[in-house]
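Protein chains in written order, with the working numbering: chain E, 2 to 475; chain H, 1403 to 1604.
For the record, the hints were derived by calculation from the structure and aren't laboratory data. The reader is advised that the hints may include incorrect statements.
Claimed, not checked - With a cut-off of at most 25 Å between alpha-carbon atoms, the simulated DSS-like pairs for lysine-lysine come out as follows: (1) E:Lys339 with E:Lys367; (2) E:Lys163 with H:Lys1520; (3) E:Lys73 with E:Lys339; (4) E:Lys163 with E:Lys264; (5) E:Lys73 with E:Lys165; (6) E:Lys439 with E:Lys339; (7) E:Lys339 with E:Lys397; (8) H:Lys1405 with E:Lys9; (9) E:Lys9 with E:Lys165; (10) E:Lys439 with E:Lys81; (11) H:Lys1492 with E:Lys264; (12) H:Lys1405 with E:Lys252.
Said to hold, decoys possible - From the structure, some residues in chain H lie toward chain E, with a derived Cβ separation under 7 Å: (13) Pro1428; (14) Ala1429; (15) Arg1437; (16) Glu1459; (17) Ser1478; (18) Ile1561; (19) Tyr1564; (20) Thr1592; (21) Trp1596; (22) Pro1598.
On a predicted model such as this, the values are computed, not experimentally measured, just so you know. Don't be surprised by glycine CBs; every beta carbon is placed ideally from N, CA and C.
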Amino acid sequence: MGRTLSEKVWDEHVVRSNEGEPDLLYIDLHLIHEVTSPQAFDGLRLAGRTVRRPDLTLATEDHNVPTIDWDKPIADPVSKTQVDTLRRNTEEFGVRLHPLGDIEQGIVHIIGPQLGLTQPGMTIVCGDSHTSTHGAFGAIAFGIGTSEVEHVLATQTLMQAKPKTMSVTINGSLPPGVTAKDMVLTLIAHTGTGGGQGYIVEYRGQAIEELSMEGRMTVCNMSIEWGAKAGLIAPDQTTFDYIEGRPEAPKGADWDAAVAHWKSLVTDDDAVFDEEIVLDASEMTPFVTWGTNPGQGVPLGGAVPFPEQFEDDQDRIAAENALRYMGLEAGTPMREVKVDTVFIGSCTNGRIEDLRLAAEILEGHKVDPNTRLLVVPGSVRVRLQAQEEGLDVIFKEAGAEWRGAGCSMCLGMNPDTLEPGERSASTSNRNFEGRQGKGGRTHLVSVPVAAATAIRGTLSSPADLEPALTSTGS
Amino acid sequence: MDKFTTHTGVGVPLRRSNVDTDQIIPAVYLKRVTRAGFEDGLFAAWRNDPTFVLNNEAYAAGSVLVAGPDFGTGSSREHAVWALQNYGFKAVISPRFGDIFRGNSGKAGLVAAQVDEKVVQRLWDHLEEHPGATVTVDLESRTVRAGEGVDAIEDSFDIDDYTRWRLLEGLDDIGITLGNEADISSYEQTRPRWKPATIHAS
Ligand code: SF4
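All chains, full assembly: derive it from the sequences and hints.
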């Protein structure tokens, strides 16, 4: 019988396999950041262990770094301690670090692909659940806890039970204005937050193949939001074109050998998945969340649901709690929900294509006077590229705040947070209670919806906008 | 790591599903660089609410948490496990756990016991009727027990064999893996040369 893509990648990394034990899996790339690594390095020191493969390890500072005044010392003493600890640890153990101020600094899941370190057929881990992002390249990539970070540092391996496999086939093409983000939000609303539990998921079908690499990263990024262990997409010409020429991509004869191997990384025709889901992209529309988990979403054209609609007791109680927390009335059209803050950024939607799309919509418009718009590039390279293209000027002219690279308001560990009761439309991935600041209320949205919402001050899509003021004279 | 065979302690009924790790410990509490002291952050958003279960004297010294389905979903932060342990929890019972949380629990020595949803309902009812009642989590026989006589609750729970063995023996994962160092070295010999590296020999 044939094998699925994820089985092929898995099998290539098994160091040791015994009946009744998890497999010992080799890790090709280990990414590290300041929040989940200090205790792991501490553990190594206590046990007198070293980092086995510093050359397969990369660190950056992203979760709690400031996005303004990044050239000054970090003001928050606790954040500073974490960042300083990372600097000390990487220095002591010989790990490459891209610190604040470095041109390669940025969100850990943005810089891996950007450097060309993320490649098909790899195993990639990081002490961060959105490591699933790297699956877009046909890699098995997943988040791990700090004990596992320590395990990978010490051994370059992980003990892992082989997950079941699932395919999500998305047929048809996305209608204009509907993005990868809407696709994945629709999927999560369909499956619920636990639907992918225990599975490595392969996304396939025409709509997936038609996505750019950045769109594929958005989809894989949110795999964890429906509980999947990892999500991946078979590498194809789009993948190879994206990687070729990047700093850490294979070169010359190595490139040819790598591509030849990568082309074998597809699910065999006679392979069988443990579970299958099929969706149709052509029916998808801009999608937004109303609740406090990413599965609580509806089309933008819909309304806040009535809790009684949910048959399952738990779902109904969850909906009641969510509406109370979110300060929403059942039956309110989503388009009437007023938003205080719009956040464009994060490892879900903080790449250059996202910023281009946002700028295209914002150009010639002004941000609503009662709304603030924060645009936070995912990496320094993304920021510089955007500035080279003049996108920053468009953002600033529209009245947005243009920031430095980092996770920022995605999780509010740095000073970029919501006030209690403040409502945001956010291109990030989690709308949990308090995620963006204590008492903050988050609606997850796509980039076009975020940009249009900033202009109108209520949840909107670009189709709701008046035509932009065009410059006169030409 | 300490060995875990069986534990009996005050059961805490947490009548909530989908308790994600941001709820267990919000991000603002993650800034410490040690493994201790996270108990203040545990369920921080709910602790201000006087009706929250841990604010009830009877449950305050709880060590067995009984939660609804999808406990520990979301972020990979192992701090969620440490916060529960720092507070004094030895075991969490739920019909379904977030994958990463369950893995982290096993590594850190917190028992994540997966039981049928009906068992959770019965435990909730029992613990609410008898605040301060104890629950036993017996890893050896894989059973949870509570109550006495006709109302006694006893049922089996799921935990994977390997994690159970490690918890029973109190074994450190890294030590086990380094015992297979030769396998790792020989695997490394077979890796293709075009695989990327972050540091290059100059
Ligand atoms: S942007 Fe948000 S989701 Fe992504 S790594 Fe940072 S905190 Fe995590």
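Measure nothing beyond the straight line between the CA atoms of Lys1405 of chain H and Lys252 of chain E; if it is 25 Å or shorter, mark the hint as holding. Violated, because 51 Å separates the two Cα atoms, which is more than 25 Å.
Does the interface hint hold: is Ser1478 of chain H within less than 7 Å of chain E, judged Cβ to Cβ? Status holds, d = 4 Å.
Holds or violated: Lys73 of chain E to Lys165 of chain E, with C-alpha atoms at most 25 Å apart: At roughly 48 Å apart (the allowed maximum being 25 Å), Lys165 of chain E and Lys73 of chain E break the hint.
CA of Lys73 of chain E to CA of Lys339 of chain E, is that 25 Å or under? 35 Å, violated
Holds or violated: Lys9 of chain E with Lys165 of chain E, Cα cutoff 25 Å? 13 Å, holds
Does Pro1428 of chain H pass the interface check with chain E, least Cβ-Cβ distance below 7 Å? Pro1428 of chain H check passes; min Cβ-Cβ to chain E is 5 Å, inside 7 Å.
Should the hint that Ile1561 of chain H touches chain E count as held when the rule is a Cβ pair under 7 Å? For Ile1561 of chain H, the interface hint is violated, since the closest Cβ of chain E sits about 12 Å away, which is over 7 Å.
Hint validation: Thr1592 of chain H versus chain E, beta carbon distance must be below 7 Å. Holds or violated? At 10 Å from the nearest chain E Cβ, Thr1592 of chain H fails the 7 Å test, so the hint is violated.
How about Tyr1564 of chain H: closest beta carbon in chain E under 7 Å, or not? 6 Å, holds
Are the Cα atoms of Lys339 of chain E and Lys397 of chain E separated by 25 Å or less? Within the cut-off at roughly 22 Å; holds.
Is the straight-line distance between the alpha-carbon of Lys1405 of chain H and that of Lys9 of chain E 25 Å or less? 37 Å, violated
Proposed proximity, Lys81 of chain E with Lys439 of chain E (alpha carbon, max 25 Å): It holds: about 21 Å lies between the C-alpha atoms, which stays within 25 Å.
Violated hints for the displayed structure, listed by number in ascending order: 2, 3, 5, 8, 11, 12, 16, 18 and 20.
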